[in-house]
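With chain L's structure known, arrange chains V and Y on it following the hints.
Residue-level listing of the chains:
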Amino acid sequence: MSELKKHFLNINKWSNREIHNLITLGEAFKHGKQVQLKHPFYAANMFFENSTRTHSSFQMAEKRLGIKLIGINPSTSSVKKGESLSDTIKTLQAIGVGMVVVRHPKTGWYEPLEKDSNIHLAMVNAGDGHGQHPSQTLLDIMTIHDEFGHFKGLTAGIVGDLSHSRVARSDGQLLNRLGVHVLFGGPRNWYPKDFDTFGTYVGSIDKIVPKVNIIMMLRVQRERLSKHDAATFDPKQYHKDYGFTEKRAKHLKKGAILMHPAPVNRGVEISSPLVESSISRIFPQMHNGVFARMAIIATLLKNRNLLLD
Amino acid sequence: MSELKKHFLNINKWSNREIHNLITLGEAFKHGKQVQLKHPFYAANMFFENSTRTHSSFQMAEKRLGIKLIGINPSTSSVKKGESLSDTIKTLQAIGVGMVVVRHPKTGWYEPLEKDSNIHLAMVNAGDGHGQHPSQTLLDIMTIHDEFGHFKGLTAGIVGDLSHSRVARSDGQLLNRLGVHVLFGGPRNWYPKDFDTFGTYVGSIDKIVPKVNIIMMLRVQRERLSKHDAATFDPKQYHKDYGFTEKRAKHLKKGAILMHPAPVNRGVEISSPLVESSISRIFPQMHNGVFARMAIIATLLKNRNLLLD
Amino acid sequence: MSELKKHFLNINKWSNREIHNLITLGEAFKHGKQVQLKHPFYAANMFFENSTRTHSSFQMAEKRLGIKLIGINPSTSSVKKGESLSDTIKTLQAIGVGMVVVRHPKTGWYEPLEKDSNIHLAMVNAGDGHGQHPSQTLLDIMTIHDEFGHFKGLTAGIVGDLSHSRVARSDGQLLNRLGVHVLFGGPRNWYPKDFDTFGTYVGSIDKIVPKVNIIMMLRVQRERLSKHDAATFDPKQYHKDYGFTEKRAKHLKKGAILMHPAPVNRGVEISSPLVESSISRIFPQMHNGVFARMAIIATLLKNRNLLLD
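Chains as they are written, first to last, in the working numbering: chain L, 1 to 309; chain V, 1 to 309; chain Y, 1 to 309.
Okay, chain L solo, but in the shape it has when bound (with noise of 0.2 Å):
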């Protein structure tokens, strides 16, 4: 058996067991389970990037698991002073902080901290540079069991902009290696090769969607686009060419889902309408998100034996 896990940071650390527990336990928080702190928990959550889903949707987590907030504005932090995000974290730590969770710029920045032996509280990643956003892809792959109740045989498909997208590398990750078959589309250039070790470029949305349970549409992210191809960018161009419109729709298979991981460009990356539609998860990913970082939270503080039998 593997060590207690006491941070969640990159989800691909976290064996396939491991996922189905913290699936079983998000579950069982949907259904009302309760957890009980053994003394008052402070947590800290600093979001270094914009945020309004992951940032409140933790938030709604701790306070449903009795969790008290310490808050911290990145923006007006002593962080302006120029101090590292380690000293940032420690200060916390010496206040009886017991957990952070980050969302920062900076790919990996959790590694050097990781092994700091001064470091002891939780850590969770809410997001790093180019790296991972370990607890979307927990909620997505729990709106996937939610629906399908497995995932050996289904296939995904993931289409848009791949290269600039924390969600497609860690989803496309871990469903190939929950035995998910993952097909991904979108422009050749926004397609990262290593991508190659755990899915297959298909390009075209229209040879996608028919062969698909899950058509998971990105967020083009124009902020991070390069300026050539923010400036060249033609939003009815891209509907057009890969967008998932109603046409496309039609030709899904039965009981295949959408999933986006949101926001959604209304009209680029899907057309309007479809984000509310029967066949939309999108909504529902929100909703799974809570408790899915329920699970994620009661996991470490479990692991740390902080809560009540």
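Possibly wrong hints are sitting among the right ones.
The list cannot tell twin chains apart, which means a pair is met if one copy fits it or any two copies do.
[Stated by the list, open to error] Heads up, simulated DSSO-like pairs for lysine-lysine below, C-alpha to C-alpha not over 30 Å straight-line: (1) K236 <-> K106; (2) K115 <-> K236; (3) K250 <-> K115; (4) K302 <-> K33.
Source of the hints: derived by calculation from the structure; they are not laboratory data.
Just so you know, these numbers come straight off a predicted model, no measurement behind them.
Showing chains V and Y alone in chain L's frame:
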């Protein structure tokens, strides 16, 4: 009987009876009334425009009612990624937020949302563009009721920058509806013609002061004045022409009170010592604001069957 | 007996006995003491200058005491509309806030407010301009007391940018008053002449280190240096001339400790590995900060008869 209100958006949609019930409930909260939620209830306050008093007053009302808050900072949220207000609200709803309190620069921001069958949570308008500020209107009305015990037969004078005041229009309309005689003062070019439907333009503050039971002074919102008005605005001259001065205060009727929605430009629209004088209800207005907002929120919760009897 | 303190603003107004009582109470909180509020109590923290540790430490202290917080963000509040600090505080008071914790760039921001008979709530100074940072001073004093059990006969060296440090002045004054011999080090042009009234300027860190029980290093606040000093400041040269290095640490007396108000510029005023060495009390200072602030707040609450016996 009209349908139970699910939102608090436009005070003109609330009948006289409903307004009286809100006032009665607000006064009960002021005298210690408590209510109990059936289940944990979560709200989010989204202020897309600056506010101290309205924002903190809503927080206090929510906390006194036992509501838990999910913190959203519009300046660092996905709104920055171009997400619509509607999609932000649907996200919060998916996460388990049961009420949003919104201040937004767009007049009538709530109109399309009210009609959207996918929005189920309670919405409260904390100020919409050039539209209303209905919770301010309710606390003003409650302050007048506290003082006089009735509305019929009273005269109120509203003086100042009428064209940029969300408060002037909705206070004037509601006071008129409740039987108060409403007079308007201030420069003619700041008087919106449609105010004729619920009051009378007098102009001169000296003609208004001796006639009124309530003198309501408005803040000169220099940040909202036209370029020309802002450039030529002379605070000293304005104070002389339209300010509520100690000399003018002597001409008030016995028992008349001074109101102002605050923040006050001391020495511009009101002589500074009058702000905390015995005739002033400016800080009591703020005090009542908490109870008025508790009444608004508790009414929505009751109408949604979320309170224990 | 002096009057019971209603505010915590200027530590020089607190007698030796009162300081000792705060330390004793802080140590009691550190060992698990709890207090109970008679009624729900609401506070607001207003930080008009950046802070992580002070702001989060106050939050933690307040939450541990069961105080509820009303969130105010000065950068999006009515202060932006030109409202005075005094009127903002009166607004919060009207809304039911019982305590404000304020950090403000104006030296002595609290002086006019203390005298204002319309302000009744408790005020705590979390740093005023070039004035004091009295809760930091209390936690420093508490850390020294924790270590040595007494003050008389100790020698403390305070080294660095004395002129821009709120901590240096109030720590120096209080240490001197409590019987500690105070030495100052650092460049002469950063030494304020009035420090002579409570300590001795030595200058050279090498002369100071062997004499002291406490070496307190100050942050070089490059953002506050004069244009000329900021342009010519050479961190490496400063480290060589005035930094606390591993070589210098060897000349400390047995049992001597290293302190710093943080955030530390690692490699400038202190060699990085020393920050977490066995002689360092830098993170314990932060840990004590929570209990020192609990003691401050609980004392004000007790003096206002707001705690159960």
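Here is how each hint holds up against the structure:
Taking the shortest alpha-carbon separations for K236 and K106, only the inter-copy value of 27 Å comes in at or below 30 Å, while the best intra-copy value is 33 Å. Taking CA atoms no more than 30 Å apart as the test, K115 paired with K236 passes between copies only; the shortest distance there is 28 Å, against 47 Å inside one copy. In this assembly of identical chains, the alpha carbons of K250 and K115 lie at most 30 Å apart only when taken from different copies (28 Å versus 51 Å within one copy). With identical chains, the CA atoms of K302 and K33 are at most 30 Å apart both within one copy (15 Å) and between copies (27 Å).
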